[in-house]
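*Asks:* As a plain string of letters, each chain reads:
Number of protein chains: 2
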Amino acid sequence: MRKLKRNERIAAMVKILSDQPNKIFTLNFFTEKFNSAKSTISEDIVVVKQTMEKMELGRIETFSGAAGGVKFIPQTTIEQNKEILNEIAIKLSEGERILPGGFMYMTDVIYSPHIIHRIGEVFASQFNYKNVDYIITVETKGIPLAFMVAKAMNLPLVILRRDNKVTEGSTVSINYVSGSSGKLQRMSLSRRAIKPGARVIIIDDFMKAGGTAKGTIDMMREFDAHVEGVGVLIATKEPEVKLINDYISLLVLEEVKEKDQVINIYPNPKLIS
Amino acid sequence: MRKLKRNERIAAMVKILSDQPNKIFTLNFFTEKFNSAKSTISEDIVVVKQTMEKMELGRIETFSGAAGGVKFIPQTTIEQNKEILNEIAIKLSEGERILPGGFMYMTDVIYSPHIIHRIGEVFASQFNYKNVDYIITVETKGIPLAFMVAKAMNLPLVILRRDNKVTEGSTVSINYVSGSSGKLQRMSLSRRAIKPGARVIIIDDFMKAGGTAKGTIDMMREFDAHVEGVGVLIATKEPEVKLINDYISLLVLEEVKEKDQVINIYPNPKLIS
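Heads up: the sequence lines are chains C and D, in that order.
The working numbering applies: residue 327 is where the first sequence begins, and numbers increase by one.
The working numbering applies: residue 327 is where the second sequence begins, and numbers increase by one.
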């Protein structure tokens with residue numbers, strides 16, 4: 327292959343780095359791919375790093391030494407959080423989303439790749455996941471969200487199931503109480519899914535009383551896993567005291583007035599100021 | 327903001343385009359973002375386009391006229407298909423994946439962001455999705471995969487549920503027969519999830535007899551939706567005659583020999599030659 331121009335190397339480098347956030351690429355990887363000297367690649371990386379920072383498109387981190395290399399770290403600014411969270415809040419405020427019983431139809435939003443890709447980056451900017459091993463979620467609605475967080479952090483996703491499946495092998499099952507309905511529920515997880523002593527972050531789409539999150543934490547105890555953080559897209563304002571204390575929610579759902587067809591939802595003030 | 331250099335514009339442009347495949351960005355978007363003339367941006371696009379093609383990182387398409395602009399289209403080569411599908415086949419061939427009953431443990435692979443991101447691009451290269459409106463899947467294991475296909479194609483994902491949920495509003499439910507076990511199963515979908523007359527592509531992780539895929543097609547009929555394609559990550563070799571004829575599988579599972587601890591799985595020859 328003929329040598330690439332700087333422009334071309336930079337274009338390819340940005341594509342490769344940003345496709346796989348938080349994966350370290352060695353300098354050798356790029357010298358071979360681009361048929362270029364190490365010093366040339368180092369200069370390219372400086373340009374990419376400066377541009378990402380200047381344009382607020384994320385961060386580039388470099389590591390020297392034998393295990394050295396470069397990686398792309400997704401990072402959103404407060405301004406960007408404001409923009410995406412406001413966009414979602416406005417979408418979810420549409421009165422026709424109200425369902426019988428005061429529930430809110432939101433699957434179109436939380437299954438939208440465009441929105442959820444950006445939400446993955448917002449979450450990745452909120453947690454310290456340096457030593458985290460897995461992203462955990464409970465089926466079903468939170469899966470796309472949790473998967474995009476996992477992608478942004480370059481971590482495997484683990485999905486807790488509502489029932490046992492033959493395709494999971496031997497499983498651990500627990501009962502837990504749904505905080506809002508008081509109903510007894512069950513979740514299960516394959517024994518192979520998590521290595522002992524792992525560190526995990528729990529991600530879900532919605533939290534009311536926190537029963538599912540608490541159940542998930544209980545399940546993690548069965549695997550000797552440490553919960554390093556809990557993140558939800560939306561938490562209801564009431565009850566203010568939830569079954570777990572320590573969590574991050576991106577949006578706050580204050581109320582759904584079924585009669586007036588009004589939904590009051592807004593970005594978590596902590597994330598946008 | 328001071329004017330950006332060409333290098334910097336190109337780095338930012340690649341990041342923005344490849345983060346949102348198949349979304350059209352107008353030239354104005356970039357002239358404003360980069361504070362540059364239209365002719366300058368057009369030249370940048372040519373560089374990005376040539377680089378993506380030369381490095382086989384996907385395609386850039388430009389549109390002239392009032393609705394003009396530029397978009398990035400993920401596209402994998404046969405060589406790239408070979409690499410990623412072989413990587414998965416080797417991983418899934420590990421004997422310790424065999425579960426009692428001859429099932430194969432594979433959630434670690436199909437929940438891996440790194441692997442599934444690339445599989446999303448492989449699927450996007452197999453289908454003509456120009457006029458498609460939704461990606462459809464059935465919960466649970468296929469969701470990350472279907473979501474990454476949806477992201478690569480810039481389409482909303484729709485998830486069929488096994489049971490009714492209060493958070494879905496009024497739903498349509500159907501019964502279907504699982505092709506392999508012969509058991510009667512149920513799936514449901516919110517009435518709001520799909521607009522009438524829509525075109526859809528169905529994506530799932532695994533197909534044996536094709537019962538779930540056929541059930542999904544039946545469900546689409548209830549919504550007057552047209553099924554434009556069916557894609558599965560893995561199809562079993564037996565039964566060779568499945569309940570549906572027209573589908574693409576990326577891998578073929580020939581057999582799981584429980585006694586010998588051997589799994590025989592390989593890339594679909596059509597995709598790698």
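Any given hint might turn out to be false.
Identical chains share a label here; the pair holds if one copy fits it or two copies do between them.
Keeping only pairs whose Cα atoms sit at most 20 Å apart, straight-line, the calculated EDC-like set for lysine to aspartate or glutamate is [to be verified]:
1. Lys349 / Glu409
2. Lys408 / Asp459
3. Lys331 / Glu369
4. Lys329 / Asp434
5. Lys509 / Asp544
6. Lys359 / Glu405
7. Lys359 / Glu379
8. Lys568 / Glu581
9. Lys568 / Asp544
10. Lys380 / Glu358
11. Lys596 / Asp572
12. Lys534 / Asp572
13. Lys380 / Glu465
14. Lys568 / Asp345
15. Lys364 / Asp550
16. Lys408 / Glu382
17. Lys397 / Asp586
18. Lys329 / Glu379
19. Lys534 / Glu584
20. Lys408 / Glu379
21. Lys456 / Asp586
22. Lys397 / Glu334
23. Lys408 / Glu566
The hints are simulated quantities; they were obtained by calculation from the structure and are not laboratory data.
*Asks:* Against this structure, judge whether each hint is valid.
*Replies:* Verification of the hints:
1. With identical chains, the CA atoms of lysine 349 and glutamate 409 are at most 20 Å apart between copies only, with a shortest distance of 19 Å across copies and 27 Å within one.
2. In the homo-oligomer, the alpha carbons of lysine 408 and aspartate 459 never lie at most 20 Å apart, since the shortest distance is 29 Å inside one protomer and 29 Å across protomers.
3. Within a single copy, lysine 331 and glutamate 369 get their C-alpha atoms as close as 13 Å, and across copies as close as 15 Å, so both meet the 20 Å cut-off.
4. In this assembly of identical chains, the alpha carbons of lysine 329 and aspartate 434 never lie at most 20 Å apart, being 46 Å within a copy and 39 Å across copies at closest.
5. Taking identical chains as interchangeable, the C-alpha atoms of lysine 509 and aspartate 544 lie at most 20 Å apart only when both belong to the same chain, with a minimum of 17 Å there against 33 Å between chains.
6. When the C-alpha separation of lysine 359 and glutamate 405 is checked against a cutoff of 20 Å, the pair qualifies only between copies, where the shortest distance is 15 Å, while the shortest distance within a copy is 36 Å.
7. Within a single copy, lysine 359 and glutamate 379 get their C-alpha atoms only as close as 25 Å, which misses the 20 Å cut-off; across copies the closest is 15 Å, which meets it.
8. For a Cα distance limit of 20 Å, the shortest separation of lysine 568 from glutamate 581 inside one copy, 16 Å, qualifies, whereas the shortest one across copies, 49 Å, does not.
9. With identical chains, the CA atoms of lysine 568 and aspartate 544 are at most 20 Å apart within one copy only, with a shortest distance of 15 Å there and 42 Å across copies.
10. With identical chains, the CA atoms of lysine 380 and glutamate 358 are at most 20 Å apart between copies only, with a shortest distance of 15 Å across copies and 28 Å within one.
11. Proximity of lysine 596 and aspartate 572 under a CA criterion of 20 Å is satisfied intra-copy only: 14 Å inside one chain copy versus 51 Å between copies.
12. Only within a single protomer do lysine 534 and aspartate 572 lie at most 20 Å apart by alpha-carbon distance; the minimum there is 14 Å, versus 43 Å between protomers.
13. For the identical chains of this complex, lysine 380 and glutamate 465 are neighbours neither inside a copy (39 Å) nor across copies (41 Å), given an alpha-carbon limit of 20 Å.
14. Taking the closest pair of Cα atoms, lysine 568 and aspartate 345 never come within 20 Å of each other, the shortest separation being 37 Å inside a single copy and 36 Å across copies.
15. Within a single copy, lysine 364 and aspartate 550 get their C-alpha atoms no closer than 44 Å, and across copies no closer than 58 Å, so neither meets the 20 Å cut-off.
16. In this assembly of identical chains, lysine 408 and glutamate 382 lie within 20 Å of each other by CA distance solely inside one copy; the values are 14 Å within and 36 Å between copies.
17. In this assembly of identical chains, the alpha carbons of lysine 397 and aspartate 586 never lie at most 20 Å apart, being 50 Å within a copy and 42 Å across copies at closest.
18. In the homo-oligomer, the alpha carbons of lysine 329 and glutamate 379 lie at most 20 Å apart only across protomers (15 Å), although the nearest pairing inside one protomer, at 27 Å, exceeds that limit.
19. Taking the shortest alpha-carbon separations for lysine 534 and glutamate 584, only the intra-copy value of 17 Å comes in at or below 20 Å, while the best inter-copy value is 45 Å.
20. Taking the shortest Cα distances, lysine 408 and glutamate 379 sit within 20 Å of each other inside one copy (19 Å), while across copies they are farther apart (36 Å).
21. Proximity of lysine 456 to aspartate 586 under the C-alpha cut-off of 20 Å is found in neither arrangement, the shortest distances being 46 Å within a copy and 40 Å between copies.
22. Taking the closest pair of Cα atoms, lysine 397 and glutamate 334 come within 20 Å of each other both inside a single copy (19 Å) and across two copies (18 Å).
23. Taking the shortest Cα distances, lysine 408 and glutamate 566 never come within 20 Å of each other, neither inside one copy (23 Å) nor across copies (53 Å).
In this structure, the earlier hints numbered 2, 4, 13, 14, 15, 17, 21 and 23 are contradicted, and the remaining ones agree with it.
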